Amino acid sequence: MKTDFNSGARLSLDRLAPGDAGVVTHVEAHDGIGRRLLDLGFIPGTPVRVVRRAPLGDPVAFELRGSRICLRRSEAARIFVEFARAAEDAS
Amino acid sequence: MSEAVSPANPLRLGLLGSPNCGKTTLFNGLTGLRARVGNYPGVTVERREGALRHARRSAVVIDLPGTYSLEPLSPDEAVVRRVLSGELSTRPDALVVVADACTLERSLLLLAQVLREGLPTCLVLTMTDELAARGGHIDLPHLERALGIPVLGVVGHRGLGLDALRSLLAAPERWTRPHLLPPADAQARAGWAASVLDHVLHRRPHTSRLTEAVDRVVLHPLAGSALFALVMVLFFQLIFAWATPAMNAIDEFVAYAADAAHAALPAGVLADFVAEGLFAGVGAVVIFVPQIALLFGVLYLLEDVGYMARAAFVVDRLMGRIGLEGRSFVSLLSSYACAVPGIMATRTIPAPRDRLVTILVAPLMTCSARLPVYALLIGAFVPAAAIGPFGLQGLVLLGLYLTGSLSALAVAAVLKRTLLRGEGLPFYMELPPYRMPTFRLWGTQVWGSVRAFLRRAGTIILAVSIVLWVLLNVPRVEAPPGASAAEARRHALEHSLAGTAGHAIEPLIAPLGFDWKIGVGLLSSLAAREVIVSTLAQIYAATDEESSLRQAIRADIDPRTGQRVFTPATVAALLVFFVFALQCLSTIAVMRRETNSWRWPAFAFGYLLAIAWLASFGAHELVSHWT
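If you read the sequences in order, they're chains C and P. If you count the first sequence from 1, position 47 lands on 52 in our numbering, and the numbers rise without skipping. If you count the second sequence from 1, position 255 lands on 257 in our numbering, and the numbers rise without skipping.
It should be emphasised that the hints constitute simulated quantities derived from the structure, not laboratory data. This one's a predicted model, so the numbers in the text were calculated from it and none came from an experiment. Using N, Cα and C, we set each Cβ at its ideal position, and we do this for glycine too. Hints should not be assumed to be uniformly reliable.
As the list claims (entries may be wrong) - Just some of the chain P residues that point at chain C, by a computed CB distance under 8 Å:
(1) Thr105
(2) Ser227
(3) Ala231
(4) Leu232
(5) Ala257
(6) Tyr430
(7) Arg437
(8) Pro439
Unchecked claim - Computed far set for chain P versus chain C, every beta-carbon distance over 10 Å:
(9) Arg50
(10) Pro67
(11) Leu75
(12) Cys104
(13) Glu107
(14) Ala188
(15) His222
(16) Gly299
(17) Phe315
(18) Leu433
(19) Pro434
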């Protein structure tokens, strides 16, 4: 499940693997759901780390702004990040 | 403004914060056990207010629903905004924003929105002990200067800092106001929050090592799923089996008290009414208390420890298939014991549509009140044969359970795609760090739920039980001379209002193979499903419910046709009817309380009755063909 992107690649948050980290660049916030993602702290410039996926693969837990928030992958797909760091091989 | 506050009009303080921030603990600490619980008009949101204890000035604390944003996505979320604008109740004189010190970074985003409301505002940081334990440090005096409003740190569950907070709350007119309001735009707001944090957050708390270690097991694909299954089995066992001794004890006590009252009063209508109507009605309410207390005891414990969010995280994918979410699962599972606590457990579901759908399908989960009915009919009519290693009777029972559960899922899926369609809220949930629960807070929450049930649903249940008694006993017709007591009872029932109604609805239920006697049973089972057993026992003048009633219904011959009343087709139809129909006024009362209107209980009753009738008719036709 290891992702292999170059640092700086832009991709949606649902494509990151557990342990990967990135910085939010853009959120599709044209509707209420998107604005709620902003309110939860997914604001451009925010560092985000994927903590883990649920046993069945969805939802996914993210760490940002000092708290852990779960989103379904469909909603995570509206958040775009600049890929910063892949999961360490140990994990 | 706040200067207008006089001693006659107590100060109104709004308590605001995101979920899991320790707001409830703080509310209980400030107000004690004396919160007034109600509903906001037109929405399902609970309204909690309490007098501020030990304050220099009389003040009311309003516990506003937990929210991450003041920008509402649903009518329920709009409650916070509407309270702040004074639309739902008197506008608060001042606001207290509660924030978890460990997640201050995110809480500042909400604070920024609140400050723009222009009311005197202070910030209370909770869990400052946890912040220190996790190596974090926030400079509170600096934070106060950076924000321009009063800031206080507390440890809510130990009551530390509450005295200082009480004196602060007594004089909001003296609170400092920010020189500049935070920006309105989300991006600029984040910049504002970052610049505030730069000044005050000297050390960021590291992630809780305990939480990290526990989560590695609790959320592990295999171990986590196994643990989830184990917790749910224990939970189910607890409310299904372990509440039974207490419920039996209450049942026996109520029966004993009713007998005593009957004996003490002069024989007649009054004695009958007190014993069978009033005491039975009170009993019908109190009987639920052990289950509700146990259910909420475990629910709040799992919630306070931090497991509930994990359970929802584990099971969300499955519930997502039918358009619900992880938190609906617990409620549906509880409904196997009883839909009443199951429906009350939906309060943990934040999306109003998901919550409503869960409430509407909860009665389809096979509750324990159906068991006596199933036991009677299966015991009397299904042969104790074996199919391979399985007993036929057990298989039929399993089939009834499965039919109910699968229908609940199917109806939920249909409702989410039709009547209650709509984008609604996204699924989001915080995974809080694991914490030791505080016994006091836990006790307060459990007692609050029991009290709310007794007060709001209990009154309706009691009233309807009394009405039903009247229907079953009025008018009182004297039996022909020489009749035995049991025959006299049967005669009185047949000529009561309910008996007349049973005859009246015969054309409606005849296609299902039911006669007037089953009709009276169905009418009386509106009070509670298992009542049909005792009603049938009275109609068949059976001396004891178990063996002689079985024989009596097996032997009953319809005088008009000369055929048996309980044919296999009729039995199948009756079983199927009980799978679907919402014959439980306690459930209806609790639906009314939780949805805050009669519309949804009426809808649930109607759609379940329609399904019950159609499915019963289908079962009757099918079995008639085969036999």
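Hints and how they fare:
no. : hint   : in the structure
1   : Thr105 : holds, 4 Å
2   : Ser227 : holds, 5 Å
3   : Ala231 : violated, 11 Å
4   : Leu232 : violated, 14 Å
5   : Ala257 : violated, 48 Å
6   : Tyr430 : holds, 6 Å
7   : Arg437 : violated, 14 Å
8   : Pro439 : violated, 19 Å
9   : Arg50  : holds, 23 Å
10  : Pro67  : holds, 15 Å
11  : Leu75  : violated, 4 Å
12  : Cys104 : violated, 6 Å
13  : Glu107 : violated, 4 Å
14  : Ala188 : violated, 4 Å
15  : His222 : violated, 7 Å
16  : Gly299 : holds, 26 Å
17  : Phe315 : violated, 5 Å
18  : Leu433 : violated, 4 Å
19  : Pro434 : violated, 8 Å
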